[in-house]
Amino acid sequence: MSESNTVVTGNPVIDVDKIRQDFPILSTTVRGKPLIYLDNGATTHKPLRVIERVRKFDAEEYGTVRRGAYKLCEHSTQLYEGVRKKVADFLGAEKQGEIVFTSGTTQAINLVAYSFGKRFIEKDDEIIISNIEHHANTVPWQIVCEERGAKLKVIPVNDDGELVMEEYEKLLSNKTRMVAVNHVSNALGTINPVKEITEKAHAVGARVLIDGAQSTPHMKLDVQEIGCDFYTFSGHKMYAPSGIGGVYGKMDLWEELPPYVTGGDMIMQVTLEKTTYAKPPARFEAGTPPITQVIGLGEAIDYLNEIGMDNIAAYENSLLEYGTSLFNDIDGVRIIGNAKNKAALISFYVEAAHPHDVVTLLDQDGISCRGGHHCAQPTMIRFGVPATTRASMAFYNKTEELDALAESIKKCIRFFSA
Amino acid sequence: MSYDNELYQQVILDHNRKPRNFREIKDATHSCHGVNPLCGDDITVYLDVDDGEGVINDLSFQGSGCAISKASTSLMTTFLKGKKIDLARKTKEEFHKMILGELDPEIDEHSLGKLTLFMGIREYPSRTKCASLAWHTLIGALDKKHEGVSTE
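Note that the protein sequences, when read in sequence, are chains R and P.
Residues in the first sequence are numbered from 1 upward in steps of one, following our numbering.
Residues in the second sequence are numbered from 1 upward in steps of one, following our numbering.
I should point out that these hints are in silico values taken from the structure, not numbers from a laboratory.
Computed from a predicted structure; not experimentally measured.
Beta carbons: idealized from backbone N, C-alpha and C, even for Gly.
There's no promise every hint is true.
To be verified - Under 10 Å between C-beta atoms, here's a sample of chain R residues computed to sit facing chain P: (1) M380; (2) G384; (3) C412.
Unchecked claim - Covered stretches of chain R (in silico footprint by chain P; criterion: 3 or more residues with CB under 8 Å from a CB of chain P, positions within the stretch not fixed): (4) 63-73; (5) 260-269.
What the hints assert, rightly or not - No more than 27 Å apart at the CA atoms, straight line, and that leaves these computed lysine-lysine pairs for DSSO-like: (6) R:K151 - R:K195; (7) R:K410 - P:K18; (8) P:K114 - P:K97; (9) R:K153 - R:K200; (10) R:K175 - R:K250; (11) P:K18 - R:K411.
With the sequences and hints as input, model every part of the structure.
The structure is reproduced here in structure tokens:
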């Protein structure tokens, strides 16, 4: 599914007015204006059923996991492992044990970079990332390279924000150990051809990590179809609580990796002389996990499955097309990132005003947008802007909200041009 | 068309459009590069300070950033030119307290003059660093911080 996930077929089956009633925060006001929330790339809001599930779990069911032989603990453990199964199914993994819970994508990539780096990266090996990665998929690899004496290679992007695949092929060699790229760029919205990237990497014997923070909430996924070795996600970007996320990894690879964080729950046996490690996924989940957040994540996945990821992708794509044509009609606004295959995210530059002034003025109209470098400074440098303003959409957004955003931007331009 | 806020006052917009003392001082006695890593504001402040009296004979800046950071730096240069560095340090403290909401110019004693235009920032915690970058960089220059300063 990965390469065809923006194809719009038929009418999206999304009743947005009904969907919006599921999200309590969408009926609140900001600075006296109805909230228009367009920073879903940063974090998403929670439907009432997630909020209520978390409350009920804490109020009536909460217990630690994996440790106690009493009812509360057994019940919590069952629910907790049940969510692992839900995540595995959601991502298309073969086995539920291939899902390791982390605090989110940042920790997930750090885990893989550390453990994979320690086990497989040696002096003069090479790691490939792209020019449009989040800092979370840049810095951990820089550190691995520094510590192991390896080299970091970067796939360039064209002016539309698409990876230059011919250049990628030139970077690949028998020295390549890891290719780590995002599925969807958080700064530009580009959907990368992750299946093709993976196939080419595997052809030279390299492993592949896909940063799925921006794709998981917006499209149907199948990690086996993509073929990647690791796939990361963040719960708070997919309508679940913050503090929970994870990483899919192929079991045979997990089994070879050393632990990242150590302590309780990740051991087989500890004596004062030596410790043997538990099997994956427990090996990578030291300490008491964010149990309540996991339960919330499970509820969010149920909710998304009921709506249908294909419906969500199709509806959001219609928002993207609507918003793009609106923005193209505003003088003095330049969209940064015009990939043919793009998620519902518009990064733009207003000539008349700095992005931070733009977002402050949008906020005056009740509109929440991100202004900044989106933790992707190399991307900003590539496109010659200090920062951009970003409207990132979710299936609870409406075309009317994009109209309001366009009007607010025009007002802002007039204000700074007066 | 208008916005109901105290942040972007006409004087601030004017200094953003036409920043004063926007140039380099070739033989500056002090200079410092300041950045706001979270939003990319990037300025260099130059000073020509009289050795004996500690008087700021000339003060200028260059760089890029949002309207608030540019206007704040521009107004700082006009405010401090001809003043003594002791006053510059004192003003920095007062300015900082004001934008954090710890000094109320309408109640507390101060010598901020027209710099009170930036009082509205206290309602926008995410923007305080835009306004304070100029002053941090100024102090960095006076303290001879050659490595530059950062608001983070």
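Hint check:
Residue-level restraint check for M380 (chain R) holds (minimum Cβ-Cβ distance to chain P is 8 Å; threshold 10 Å). The beta carbon of G384 (chain R) comes no nearer than 12 Å to any beta carbon in chain P, farther than 10 Å, and the hint placing it at the interface is violated. Given hint, C412 (chain R) at the interface with chain P, holds; its Cβ is 9 Å from that chain's nearest Cβ, closer than 10 Å. Note: the region 63-73 of chain R has 0 residues with beta-carbon separation from chain P under 8 Å; the three-residue rule is not met and the coverage is violated.
With a threshold of 8 Å between beta carbons, the proposed coverage of the region 260-269 of chain R by chain P is violated, since 0 of its residues qualify and at least three are required. Proximity of K151 (chain R) to K195 (chain R) is assessed by CA-CA distance (about 24 Å); at most 27 Å being required, the pair is judged to hold. A distance of roughly 22 Å separates the Cα atoms of K410 (chain R) and K18 (chain P); the hinted pair therefore holds under the 27 Å criterion. Between the alpha carbons of K114 (chain P) and K97 (chain P) the distance comes to roughly 15 Å, so the proposed pair stays at or under 27 Å and holds.
Proximity of K153 (chain R) to K200 (chain R) is assessed by CA-CA distance (about 15 Å); at most 27 Å being required, the pair is judged to hold. At roughly 22 Å between alpha-carbon atoms, K175 (chain R) and K250 (chain R) fall within 27 Å of each other, so this suggested pair holds. Restraint check for K18 (chain P) and K411 (chain R): the C-alpha separation of about 21 Å stays at or below 27 Å, so the hint holds.
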